[in-house]
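Peer 1: Using my numbering, the first residue of the sequence shown is number 45, and each one after it goes up by one.
Don't read these hints as lab results, they were simulated from the structure. Computed from a predicted model, the values in this text were never measured in an experiment. Beta carbons: idealized from backbone N, C-alpha and C, even for Gly. All clues given are correct.
What follows is a list of derived Cβ distance ranges for each label pair:
| # | residue 1 | residue 2 | range |
| --- | --- | --- | --- |
| 1 | ASP137 | LYS83 | 34 to 40 Å |
| 2 | ASP205 | GLY70 | 34 to 40 Å |
| 3 | ASN66 | ASN152 | 31 to 37 Å |
| 4 | ASN194 | SER78 | 17 to 23 Å |
| 5 | ASP205 | ASN66 | 32 to 38 Å |
| 6 | GLY188 | LYS67 | 29 to 35 Å |
| 7 | ASP172 | GLY203 | 26 to 32 Å |
| 8 | ASN82 | SER132 | 30 to 36 Å |
| 9 | SER72 | ASP205 | 30 to 36 Å |
| 10 | THR200 | THR76 | 20 to 26 Å |
| 11 | SER132 | GLU222 | 20 to 26 Å |
| 12 | GLY199 | ILE155 | 17 to 23 Å |
Cut-off 27 Å, straight-line C-alpha distance, at most; resulting in silico cross-link-like pairs (BS3-like, lysine-lysine):
| # | residue 1 | residue 2 |
| --- | --- | --- |
| 13 | LYS83 | LYS193 |
| 14 | LYS198 | LYS176 |
| 15 | LYS174 | LYS164 |
| 16 | LYS223 | LYS94 |
| 17 | LYS218 | LYS109 |
| 18 | LYS159 | LYS138 |
| 19 | LYS174 | LYS197 |
| 20 | LYS138 | LYS198 |
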Amino acid sequence: MKKLYLLLTFLILQINMTTAQNKVSGVSVYETLSFDGNKLVLNGAGVKEKMWIDLYVASLYLPSKSTNADEIINSNEPAIIKINIVSSLVSTDKMIELMEEGFVNATNGNITSIKTKIDKFLTVFRDDLKEKDEFMIVFNPKIGITVFKNGVKKGTIEGMDFKKALFGVWLCIKPADEKLKRAMLDN
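Required output: the full structure, derived from the provided sequences and hints.
Peer 2: This is the structure:
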């Protein structure tokens, strides 16, 4: 009986470990996230760094795992990118600059048609950024992109064109960070 109890305890611990959180640069990265009845799985997570300094952690959640960046960018399925600021060196101006550059790269310089949407999106970074700030970029096919900062809704931007450009910031051919892209696609 004691052996059976130990075996069951071991199996329960194994199950809990597979659903428990991981840490990336000190940030909790969960195996699943849910919104509006959609359960999404962690596709991958990594660090945006500059000169060996971790700036932020980005985690990608999808309905099912994928290593195909183009399919993820063009998918009309629910998805989340979670960004956790891990350095006080990430300023408002720097984050906006990084995002603007990312949009240019993701669209091959063709931002004219979504410029208004980009400007609206960038307003979420206009408040002072602090270490431990968390952004949830939630794509709901019925609504578009909704952005939350530290759990507070900051706005919604409609349109698949914007979703493709935004996800392209991290996943396009010339991403914000090649190592981060590989980590987000690592499953």
